[in-house]
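Start from the sequences and build out the full structure, keeping to the hints where you can.
Taken in order, these protein sequences are the chains called U and B.
All letters in the first sequence, in the order written, are residues 1 to 84 by our numbering.
All letters in the second sequence, in the order written, are residues 1 to 594 by our numbering.
What the hints contain is simulated information worked out from the structure, not anything from laboratory work.
All C-beta atoms in this analysis are idealised placements derived from N, C-alpha and C, irrespective of residue type, glycine included.
One or more of the hints may lead you astray.
[To be verified] Below, simulated DSBU-like cross-link-like pairs (lysine-lysine); rule was C-alpha separation at most 30 Å, straight line: (1) B:203 with U:61; (2) U:7 with B:203; (3) U:61 with B:19; (4) B:19 with U:9; (5) U:12 with B:203; (6) U:7 with B:19; (7) B:203 with U:9; (8) U:12 with B:19; (9) U:12 with B:29.
[To be verified] Residues on chain U that point at chain B, a partial pick, calculated with CB under 10 Å: (10) 7; (11) 13; (12) 15; (13) 39; (14) 43; (15) 44; (16) 47; (17) 48; (18) 51; (19) 52; (20) 56; (21) 57; (22) 60.
[Stated by the list, open to error] A few chain B residues that face chain U, going by a derived Cβ cut-off under 8 Å, partial list only: (23) 13; (24) 14; (25) 15; (26) 19; (27) 39; (28) 42; (29) 208.
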Amino acid sequence: MDDARIKEKLLKCFSAVFPELNPAGIESANIENTSGWDSLAHVTLLTLVSEEFGMEVDFEKFESAISFSGFLTLIRETAPHEYS
Amino acid sequence: MQIRDLLQFQDMRLGEALKIAGQIGGVRKRDLHLLCGFTPLHLQTYVIAYLRLRFPEDTIQVHPGLYGDLEGNLERALDQSAEGAIAVIEWADLDQRLGFRGNGGWRTQTIDDIVAQAKEKCARLEKKLEALAQKIPLTLISPTLPLPPLTQNSPVQSSKFELRLNALLEEFLLKLSESKGIRPMSVSNLAVESPHHTRHDVKMDLATGFPYSLPHADALARLGVRCLFPGEPKKGLITDLDQTLWKGILGDLGVNGVSWSIEDKSQIHALYQQLLDSLAESGVLVAITSKNDSSLVNEALQRTDLLIHPETIYPVEAGWGPKSESVSRILKAWNMGADSVVLIDDSQMELSEVSERFPQIECLLFPSSDPAGVLALLKHLREIFGRAEIREEDRLRVASLRAANAMHSGVSETRSDEFIARLQAKLTFEDGEAASGRTFELVNKTNQFNLNGLRFTEAEWHARFGHPGSFLTTVSYEDRFGQLGRIAVLGGYCKGGRCVVDIFVLSCRAFSRLIEFQMLRQLFKKSGSESVVFMFKPTERNGPMQAYLGQFSSLENAAAEGIEVSSEAFVKACPTLHHEVSEKWTMQESKRSC
Chain U
1 MDDARIKEKL LKCFSAVFPE LNPAGIESAN IENTSGWDSL AHVTLLTLVS
51 EEFGMEVDFE KFESAISFSG FLTLIRETAP HEYS
Chain B
1 MQIRDLLQFQ DMRLGEALKI AGQIGGVRKR DLHLLCGFTP LHLQTYVIAY
51 LRLRFPEDTI QVHPGLYGDL EGNLERALDQ SAEGAIAVIE WADLDQRLGF
101 RGNGGWRTQT IDDIVAQAKE KCARLEKKLE ALAQKIPLTL ISPTLPLPPL
151 TQNSPVQSSK FELRLNALLE EFLLKLSESK GIRPMSVSNL AVESPHHTRH
201 DVKMDLATGF PYSLPHADAL ARLGVRCLFP GEPKKGLITD LDQTLWKGIL
251 GDLGVNGVSW SIEDKSQIHA LYQQLLDSLA ESGVLVAITS KNDSSLVNEA
301 LQRTDLLIHP ETIYPVEAGW GPKSESVSRI LKAWNMGADS VVLIDDSQME
351 LSEVSERFPQ IECLLFPSSD PAGVLALLKH LREIFGRAEI REEDRLRVAS
401 LRAANAMHSG VSETRSDEFI ARLQAKLTFE DGEAASGRTF ELVNKTNQFN
451 LNGLRFTEAE WHARFGHPGS FLTTVSYEDR FGQLGRIAVL GGYCKGGRCV
501 VDIFVLSCRA FSRLIEFQML RQLFKKSGSE SVVFMFKPTE RNGPMQAYLG
551 QFSSLENAAA EGIEVSSEAF VKACPTLHHE VSEKWTMQES KRSC
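Here's what the structure looks like:
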């Protein structure tokens, strides 16, 4: 249940930062197959995730998050209790 | 409406901003420069979002510059077309050592050098900002972030260094504020919407180079867009008297019993009167609607200690009928639409009664027992009546309205040519560029006598002056009842050997004086043309223009190529004109041959 909520929120974040992404393809999105995923978009995504999940984003830790699934894993580890 | 409801600042979340910014706009494109020394990142997102909210029909393009090169960004913006610019200067733009990402050292000698460098930088930025503002309107945001702790003082004490930097900045901003086109964002207002301690996101700054917290980026974008593209200001204010303009009930306390002073614990009404007087001075029309005995009201308005000049109040509607009736008469006397007007009253019931009949009027409650609420109301009035510039025409407005009504009261229902002949009317035709601000305002505000309802941005307007073959003239009017100032604009260009008019507006204050006929007569004379093509387009409100053109030509076939009026048709329909005409309008030789 909570995991579904995390995914739903993360899908919205990706959709806001990469509006061209096909909704069906968001879960398989990564830095290689997503046009516009540059350093600025990465910071925007990090900030949005931080805002949406109410958590402090560790830039260094999230530097390695270069895919939807990577983000999902890190959020599961980092997000406040209500999401875990 | 409670004024405090209007002043609640709704922070926009980044997710919402991204969503709004990502919406598809219409055909019309609006370009804006966002000039700063850092990568604008979320600030850019917020700016696009607020521009989209301001112009929902348009496609918004915001052009940021290069990282760390504010001066270069200003230079490059000069060569690219846009409708405006928001320039953000942070301390690091004056000297990198003033930022949090610099490593230049904080020793005393270094600090002295920083001031000298910042001074030079200010001088260079000043020139570049002025040059850009000549071309497009520019909102200037001065340093909003704290300085690093680089002096020896304890942070509780102001250092000489900080004071010197602030003095330098004040001088720089003061000078720029005098330049036409530059709109410095209010530092004190920003502090209300974005408190100092919430502005800097150190983590983000060090990690990415973007220094602002999201709420601060949001506030800067919101205020920056509002400063650059302010809404159309309201034009008229109708006020109640008892418990609003003054404390007390006139009918109960008598003329000397009502008050507005510290001594009588009614100072809040004195502040309100001073604000109304100041608004009236800037050209806002102020009228009174009061359920009172009219002779008593007139007597009270003679009190010499009133802080609003009674002659600036017009008209005064005092009586016992419904307020919506008196508001209706005021709108008629002003010849103004309800959507340009604000009504202020201490009675919610009266406001509701008026609002039911005139839903477009902004009805605001005067909270007489809540000083903080009144102060919030005064600030809101400044906001909705705020104008970047006050012109002579604004100061003349009340006098000319009184004169117009006096004039019309002497004319029978149909136009009296004899009466018009006795007006001793004088018309002055001048080049439009000489009065660019007023001309721009007239064209963008006039609805009734307007050829086609065309509206221009400031950038489009300035570009128009450089267009080869174009002409633009403004017309000023005065008669024995007084001056009306600049009240009409006529503009166009030469095309295929014919004179084409695409701008033709006349203020409704100047109707019934045959000015529109004199303008066309002068155009025929000046251009030497046998016919004039009007790029006419019917709008919901330009009925007077339709009636005017209909005298010369059928409007039924008003196609894209316009309506052609021949000199012969004009002469046939033109009544006898009695204006004394003064021509200060130059039409170049090349244009004259059209």
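Check: Is the interface hint for residue 39 (chain U) satisfied, with its Cβ closer than 10 Å to some Cβ of chain B?
Finding: 8 Å, holds
Margin query: Using the nearest Cβ pair, does residue 60 (chain U) come within less than 10 Å of chain B?
Written below: 8 Å, holds
Take the shortest C-beta to C-beta distance between residue 52 (chain U) and chain B; is it under 10 Å? Where the cut-off is 10 Å and the nearest Cβ of chain B is about 6 Å from residue 52 (chain U), the hint holds.
Residue 15 (chain U) as an interface hint toward chain B, with CB separation required under 10 Å | 9 Å, holds
Mind checking the CB of residue 39 (chain B) against every CB in chain U and telling me if the closest is under 8 Å? 7 Å, holds
Next on the checklist: Check the hint pairing residue 12 (chain U) with residue 19 (chain B) against an upper bound of 30 Å on the C-alpha distance.
Outcome noted: 10 Å, holds
Practice problem: Using Cβ atoms only, decide whether residue 44 (chain U) comes closer than 10 Å to chain B, and label the hint accordingly. | Solution: Cβ of residue 44 (chain U) sits 7 Å from chain B, so the hint holds.
Straight-line Cα separation of residue 61 (chain U) and residue 19 (chain B) no greater than 30 Å? Answer holds: residue 61 (chain U) to residue 19 (chain B) is near 27 Å, not above 30 Å.
Query raised in the report: Does the interface hint hold: is residue 14 (chain B) within less than 8 Å of chain U, judged Cβ to Cβ?
Result: 5 Å, holds
Taking the least C-beta to C-beta distance, is residue 13 (chain B) closer than 8 Å to chain U? 6 Å, holds
Regarding the pair residue 203 (chain B) and residue 9 (chain U), is the alpha-carbon distance no greater than 30 Å?
24 Å, holds
- Query: Per the CB criterion, is residue 15 (chain B) less than 8 Å away from chain U?
  - Reply: Holds, about 5 Å.
The structure shown violates just one earlier hint, number 10.
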